[in-house]
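Here is what each chain is made of, one letter per residue.
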Amino acid sequence: MQRPDWAPDGIDIERPSVARMYDYYLGGSHNFAVDRAAAQAMVAAVPEAPLMAQANRAFLRRAVQFLTDAGVRQFLDIGSGIPTVGNVHEIAQRNAPDARVVYVDVDPVAVAHSREILDGNDRAAVVQEDLRHPERILTHPDVRRLLDFDRPVAVMVVAVLHFVSDDDRPAELLRTLRAALAPGSYLVLSQASADGRSDEERAEAERIYRSTDNPLWIRSRGELAALFDGFELVEPGVVWVPQWRPESADGAEDAERSAFIGGVGRLGG
Amino acid sequence: MGEPPGATAVPVAGPPAATAAPGATGGRAHRPSAFARAWAKAVSGTSYLPMTQAQLEALLQRLTDQLAAALAAEPLDLRVGHRVGTELVAAHIASAEGLGRTVEVVQLRLVRDLGLVADDVEDRLARLLAAVATGYARALRDRTLDEQESIRRAAMTARAQAERALRASEARFRHQATHDPLTGLPNRTLFTERLTAAINSPGRGAERVGVCFLDLDRFKVVNDSHGHRTGDALLVIVADRLRRALDGYLVARLGGDEFVILVEHTGGTDDMVAVAEAALAAVREPAVVDGHELTVSASVGIVERQVAGASPGDLMRAADSTLHWAKAAGGVRWALYDADRDRQELARHALSAAIPAALERGEFYLDYQPLASLHDGRVVGVEALVRWRHPELGVLRPDSFIGLAEETGLIVPLGGWVLAEACRQAESWSTAGGAAPYVSVNLAVRQVDRPGLVQEVHGLLRHTGLPPERLQLEITESTMMSTAAEPVRALRVLADLGVRIAIDDFGTGYCNLAYLRDLPVTELKVAGEFVAGLRAPETRADERILASLVSLAHALDLTVTAEGVETAGQAERLRAIGCDAGQGWHFGRPEPAERILERIR
Ligand SMILES: C[S@@+](CC[C@H](N)C(=O)[O-])C[C@H]1O[C@@H](n2cnc3c(N)ncnc32)[C@H](O)[C@@H]1O
Numbered sequence: 001m002q003r004p005d006w007a008p009d010g011i012d013i014e015r016p017s018v019a020r021m022y023d024y025y026l027g028g029s030h031n032f033a034v035d036r037a038a039a040q041a042m043v044a045a046v047p048e049a050p051l052m053a054q055a056n057r058a059f060l061r062r063a064v065q066f067l068t069d070a071g072v073r074q075f076l077d078i079g080s081g082i083p084t085v086g087n088v089h090e091i092a093q094r095n096a097p098d099a100r101v102v103y104v105d106v107d108p109v110a111v112a113h114s115r116e117i118l119d120g121n122d123r124a125a126v127v128q129e130d131l132r133h134p135e136r137i138l139t140h141p142d143v144r145r146l147l148d149f150d151r152p153v154a155v156m157v158v159a160v161l162h163f164v165s166d167d168d169r170p171a172e173l174l175r176t177l178r179a180a181l182a183p184g185s186y187l188v189l190s191q192a193s194a195d196g197r198s199d200e201e202r203a204e205a206e207r208i209y210r211s212t213d214n215p216l217w218i219r220s221r222g223e224l225a226a227l228f229d230g231f232e233l234v235e236p237g238v239v240w241v242p243q244w245r246p247e248s249a250d251g252a253e254d255a256e257r258s259a260f261i262g263g264v265g266r267l268g269g
Numbered sequence: 001m002g003e004p005p006g007a008t009a010v011p012v013a014g015p016p017a018a019t020a021a022p023g024a025t026g027g028r029a030h031r032p033s034a035f036a037r038a039w040a041k042a043v044s045g046t047s048y049l050p051m052t053q054a055q056l057e058a059l060l061q062r063l064t065d066q067l068a069a070a071l072a073a074e075p076l077d078l079r080v081g082h083r084v085g086t087e088l089v090a091a092h093i094a095s096a097e098g099l100g101r102t103v104e105v106v107q108l109r110l111v112r113d114l115g116l117v118a119d120d121v122e123d124r125l126a127r128l129l130a131a132v133a134t135g136y137a138r139a140l141r142d143r144t145l146d147e148q149e150s151i152r153r154a155a156m157t158a159r160a161q162a163e164r165a166l167r168a169s170e171a172r173f174r175h176q177a178t179h180d181p182l183t184g185l186p187n188r189t190l191f192t193e194r195l196t197a198a199i200n201s202p203g204r205g206a207e208r209v210g211v212c213f214l215d216l217d218r219f220k221v222v223n224d225s226h227g228h229r230t231g232d233a234l235l236v237i238v239a240d241r242l243r244r245a246l247d248g249y250l251v252a253r254l255g256g257d258e259f260v261i262l263v264e265h266t267g268g269t270d271d272m273v274a275v276a277e278a279a280l281a282a283v284r285e286p287a288v289v290d291g292h293e294l295t296v297s298a299s300v301g302i303v304e305r306q307v308a309g310a311s312p313g314d315l316m317r318a319a320d321s322t323l324h325w326a327k328a329a330g331g332v333r334w335a336l337y338d339a340d341r342d343r344q345e346l347a348r349h350a351l352s353a354a355i356p357a358a359l360e361r362g363e364f365y366l367d368y369q370p371l372a373s374l375h376d377g378r379v380v381g382v383e384a385l386v387r388w389r390h391p392e393l394g395v396l397r398p399d400s401f402i403g404l405a406e407e408t409g410l411i412v413p414l415g416g417w418v419l420a421e422a423c424r425q426a427e428s429w430s431t432a433g434g435a436a437p438y439v440s441v442n443l444a445v446r447q448v449d450r451p452g453l454v455q456e457v458h459g460l461l462r463h464t465g466l467p468p469e470r471l472q473l474e475i476t477e478s479t480m481m482s483t484a485a486e487p488v489r490a491l492r493v494l495a496d497l498g499v500r501i502a503i504d505d506f507g508t509g510y511c512n513l514a515y516l517r518d519l520p521v522t523e524l525k526v527a528g529e530f531v532a533g534l535r536a537p538e539t540r541a542d543e544r545i546l547a548s549l550v551s552l553a554h555a556l557d558l559t560v561t562a563e564g565v566e567t568a569g570q571a572e573r574l575r576a577i578g579c580d581a582g583q584g585w586h587f588g589r590p591e592p593a594e595r596i597l598e599r600i601r
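Quick mapping for you: the protein sequence lines, in order, are chains A and B.
Per the working numbering, the first sequence runs over residues 1 to 269.
Per the working numbering, the second sequence runs over residues 1 to 601.
You may find that some hints are simply not true.
[Said to hold, decoys possible] Take a look, some chain B residues computed to stay more than 12 Å from chain A by CB distance:
{"id": "1", "residue": "Asp271"}
{"id": "2", "residue": "Gly465"}
{"id": "3", "residue": "Ala576"}
{"id": "4", "residue": "Pro592"}
[To be verified] What the simulated footprint calls covered on chain A by chain B, stretch by stretch (three residues with Cβ under 8 Å from a Cβ of chain B suffice, anywhere in the stretch; the number is not a length):
{"id": "5", "region": "27-33"}
{"id": "6", "region": "81-93"}
{"id": "7", "region": "100-112"}
{"id": "8", "region": "129-139"}
Everything labelled a hint here was simulated from the structure, so no lab data went into it.
Where a beta carbon is used, it is the ideal one built from N, C-alpha and C, also for glycine.
Let the sequences and hints guide you as you build the complete structure.
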């Protein structure tokens, strides 16, 4: 039967979710058999997949650390995923207890899980929205309640843009977000890249992710750098994520194996 | 998510080992030993660790200190091993690989790196490691189960939420589908549903149910003169008032300015009349819309009956017909359903619907009634009268089907057939002596208003060869009055051709003689009512009116025929007044043309 257009989407846990696959890569158990099957297929094709996820998650941690050190107290984390370990509000609020965080994700299960975790934290909230509707995110009452856009906000779009195709005009989406930000705000981006990877690996990864609601859209370092339009990239610019302000010298070894590129930009003015 | 419990300080059982650095249990930073660094290196990458390498090393240094202390203490406290295993998992070093690497590095390096010496150190280490593995596996199992439970709970919550959202949107959709967007009242769909339920619910047969159809009088005028926005605003006000005045009954909007009220469990028609009057009163209140004070009225059709044997469709239709009766009676009122009247109307309606097929099958025919000269009794003309030989109902006279044919427009084909047939037959009439009688045919207003009238008549005359002066077209006074300039011009063209134009039923309408001067009229047919008045000797007034009418007509060069002449006395009086011709039973009833012709010949 055709679904009537007024009916909201249902919950389909028979389909792998990229949020729960990611949790699996990170070593979590917030996942179902379908998710594990897809994640294991990915690991079979790209054995470093768990390390890539870990490298990205570590980048996220260092970026939040950097931002709190820079005085940022407000975070809008879009595509926040299943809260496993090392979430933005934990890192930020450990450094700055007054930090406020709003999580945004399209995955209803991820959102329900976040909501349970955040219960009782009056400086953090979660919103079910889509990065492809930035105006809805910006006007959402919970976003408005917790974040003051007259003051700097760090917008995090970490390990999400590879689920946003060029047809969805990511540059425009980010421009809409940027327009809402005060000077001194930041943008954190990371995403999967295939630079230096074999065509087979890339094709296999794309095939596996086609079984999810979020097919992959790989970008090059140059393409990601272009998405920082309007922001000044902080050192060291868009790099393999392990190379972004590593905490120890050996942290950045074999950086390109992470297959993740990322960077942090600051809104001047 | 969440801080590993006790990540900052876990009291260590037993005294600090000699080899442990002072303060190791206090969580204060101190340089990690080579062993702790090696351990950190071994476990990093086994799962995501939400901490810096330095934090990881500090944590493992603390656990190293605890293990070392335990190995040195007597007796060997295996709980320390369990606790270390638990702590590792709590710090998210929580994977099969994490355990494997830990066992490996502790087994290979702990004793050597820390330079621990004891006779049974191998033995003690094996037991302690087993305790670490046990504690670790238990904690990992619990953690896995907890996470599975929490993600399942999240999935259930999300699903419940999605279902709620679905139900809400279904409810919204259902509301939209069953309500009128302008007024917010239930719409026809919901009304029909509720009416059907009221009728079809089991055990309700003995109850009574009623429906009021309400429609604003001349609402179109409001729309036309104030615009649709004002019209809509008025409808919203009316809807609101009806809802409030009829609280407890279902008030729905059917569309346009039509509303309907459902009354269940009525006690009889009185209840319905009360509802209708409340509705009429609610509508009557002046309403201020966009600064205009608008006063509207309404008409209501009421149906009330026992539930048994009722059907929603029939009830709605009956209420609709009844509403039309109220409207036809001038509006600002209610009308009560009358089954007999409805049956008659239905029958009439069925009859009119059968006209086209009857025309095709040749079920119509013409009779003629003579128009006789009052001077010499000669038949000067005949009026064509249509008959319908109905296969079931027998021969029908025009009054049983012409009215409806006029309403529905079927009069155009039917009247056209009559005209053509009359011309065709009249052409063949010849009389031995004087001129053949002219044939007089009635034209309905719709026929007169049609643009092609002149061509139609012209064509018929040419076709049949009937001389124009032997055709008379009868038009009622009201047709004449309601007709615009164009049809009058058409009649003039026909009159110029020589066709006779008669005003039928003269005296029943405006009775305004002045306008006759400007019309191409040849004859007046005075309505039977006037003639009827001549029967009683005391009604001199009628006679005088008639006399002055005749002299006026003559002054305008019109001939006068009196209709409905039934007696010789009337004929005599009319002759005395100066009337030219007469028609009625006295001169002959309608009959086939041959019979009349036979008599004349
Ligand atoms: C790989 S996880 C990243 C989690 C976290 N940001 C991190 O980097 O550790 C990607 C998340 O993005 C979410 N996501 C994918 N497309 C999205 C979109 N268009 N809008 C919002 N979230 C999206 C997925 O549901 C998933 O939870």
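Any hints from earlier that this structure breaks? Give me their numbers in increasing order, please.
8
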